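Colleague: Please arrange chain B on chain A, whose structure you already have, making use of the hints.
Protein chains in written order, with our numbering: chain A, 2 to 321; chain B, 16 to 132.
Don't take each hint at face value.
[Claimed, not checked] Using 25 Å as the maximum straight-line C-alpha spacing, the simulated BS3-like pairs for lysine-lysine come out as follows:
| id | chain 1 | residue 1 | chain 2 | residue 2 |
| --- | --- | --- | --- | --- |
| 1 | A | K61 | B | K28 |
| 2 | B | K28 | B | K117 |
| 3 | B | K117 | A | K61 |
[As the list claims (entries may be wrong)] Which chain B residues face chain A? A few, computed with CB under 10 Å, are given here:
| id | residue |
| --- | --- |
| 4 | L31 |
| 5 | Y47 |
| 6 | A64 |
| 7 | L70 |
| 8 | R72 |
| 9 | Y74 |
Quick caveat, the hints were computed from the structure, so don't treat them as lab data.
Quick caveat, the model's predicted, so the values are computed rather than measured.
In this text, a Cβ means the ideal position worked out from N, Cα and C, and glycines have one as well.
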Amino acid sequence: MASNDQASDVATYAASVRAALSDLPSDQAAVLLEDLEDHLREIAAETGGTLTERLGPPEKYAQELRTAYGATSSPSPRRPDPAFRDVRRAVAWVTSSAWYREVRVFLPDLRPAWWVLRGYLAALILTAAFSRDYPLGPIPNPATKRGLAEILAAGVAIWLSVRIGRRSRKLPQGAQVLAISANVLIAFVALAVLGNMHTFAYSELIGTATPEQAPFNAAYAAGPLTNIYPYSQDGKPLTNVLLYDQDGRPITVEQSEAQTTYPIGADGKAITNAYPLTQRHMNGDPAVAPRVAFPPWPTPSPTASPSATSSPTASPSTSH
Amino acid sequence: MSQAEVDTTQLLKGVLDLAVLAVLADADSYGYDVVRRLRESGLDHVGDASVYGTLRRLYQAGTLNSYVVPSDEGPHRKYYGLNNRGRKALDQSAQTWASLSKALNHLLNGRSNSHGK
Chain A
2 MASNDQASDV ATYAASVRAA LSDLPSDQAA VLLEDLEDHL REIAAETGGT LTERLGPPEK
62 YAQELRTAYG ATSSPSPRRP DPAFRDVRRA VAWVTSSAWY REVRVFLPDL RPAWWVLRGY
122 LAALILTAAF SRDYPLGPIP NPATKRGLAE ILAAGVAIWL SVRIGRRSRK LPQGAQVLAI
182 SANVLIAFVA LAVLGNMHTF AYSELIGTAT PEQAPFNAAY AAGPLTNIYP YSQDGKPLTN
242 VLLYDQDGRP ITVEQSEAQT TYPIGADGKA ITNAYPLTQR HMNGDPAVAP RVAFPPWPTP
302 SPTASPSATS SPTASPSTSH
Chain B
16 MSQAEVDTTQ LLKGVLDLAV LAVLADADSY GYDVVRRLRE SGLDHVGDAS VYGTLRRLYQ
76 AGTLNSYVVP SDEGPHRKYY GLNNRGRKAL DQSAQTWASL SKALNHLLNG RSNSHGK
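Isolated chain A, as found in the complex (with noise of 0.2 Å):
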């Protein structure tokens, strides 16, 4: 045989019989085919004819490896579908990790916890099955007849769902597997129908804002928007200027730290669109207008324009 036949045939071989131990754990693959390349070239140098008439079959060759090593054998004699290979090696990395271990005997100590709140969600599907017009929450009110019931029910579910699990313990095979999926099942529905309760709530708030309720809110870009200070173009501070948006809301700015006193309408209602509204600060002192520049009209009038630079220090708020 041509030593290149002969070394083809050592790779082969040793490639097959490494294939056939591909179950065993790395470390212990790694001590007992080490050498293995080596020891078969030896045969091949020594015997005429192929390795697999020699040594017969390299599954058998791996199997009598096995036995004689004293490795854990395989559980199955099929050869393992290389495809899943590096998925069981996965699997097997985590399940031999400290934490997975760790998570493992903490994990049955949650299930009573799990039986709870299995009753509740359970509860909670079956009231959202029942209530398309009906806003939902995650905690009924008791107040109402509909809330009571469903805190009964509730109750019902969970107490059921503990004599459940209770009795579970030993269960067969079949259904075993069963018995996780409807868990399974329970947990993502419950999901599901959590997610929508935000959606109910959202929708709810979005049918309130309509515009003759609520005022118009002024946003401002640069931050919270607190008080307006409007002027003449000649530089005159301005009181008590009433604004509206394009749709007639009174335009309203956001309630600021500051507290804010607003006159009281011959209607006895406040009003809360005159500006500058007659702010007090946390400390007491009222708010003060702010120094502004004025920027220079198109065509001045020597009379009425101011300079660029002057600023009114006028508090808006002496004219209350």
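Modeller: Frame of chain A; chain B shown alone:
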């Protein structure tokens, strides 16, 4: 594989450690040479993989030393030799084997004698 060969393989399994230790006590050796020497001693059916696996296991168990001898022509050879633990293991196993074979021989002799009568 004939029935006789199966029997031999089964019987060998139990004493292969002892046989390998005995060969190595004679002289340090590498895998293929151990197989050859076992066969020359009359253990015709000893499997190559069994010897290779046994050598690796005994080495892992700490009863053997190992060193690589470079070779000009063929592959590098991994030589194995007994260390102190290996020699102790060999002594113990040899004693066990001696008493076992004595008992077994006695049993077998008794059978052949009774047949002869």
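Colleague: All hints are to be evaluated individually against the structure, with a verdict given for each.
Modeller: Each hint tested on the structure:
Between A:K61 and B:K28 the alpha-carbon distance is near 16 Å, which keeps this suggested pair within the 25 Å criterion. The suggested pairing of B:K28 with B:K117 holds, with an alpha-carbon distance near 19 Å, which does not exceed 25 Å. Taken as a hint, the B:K117 and A:K61 pair is broken in the structure, with Cα atoms around 34 Å apart against an allowance of 25 Å. At its closest, the beta carbon of B:L31 sits 7 Å from a beta carbon of chain A; the interface hint therefore holds under the 10 Å criterion.
Here the hint on B:Y47 is kept, as its CB sits about 4 Å from the closest CB of chain A, short of 10 Å. Annotation: interface hint on B:A64 holds; nearest CB of chain A at approximately 4 Å, less than 10 Å. Because the closest C-beta pair between B:L70 and chain A is about 9 Å apart, less than 10 Å, the hint holds. Among the interface hints, the one on B:R72 holds; its C-beta lies about 5 Å from the nearest C-beta in chain A, closer than the 10 Å criterion.
Of the supplied interface hints, the one on B:Y74 holds, with its beta-carbon coming within about 8 Å of a beta-carbon of chain A, less than 10 Å.
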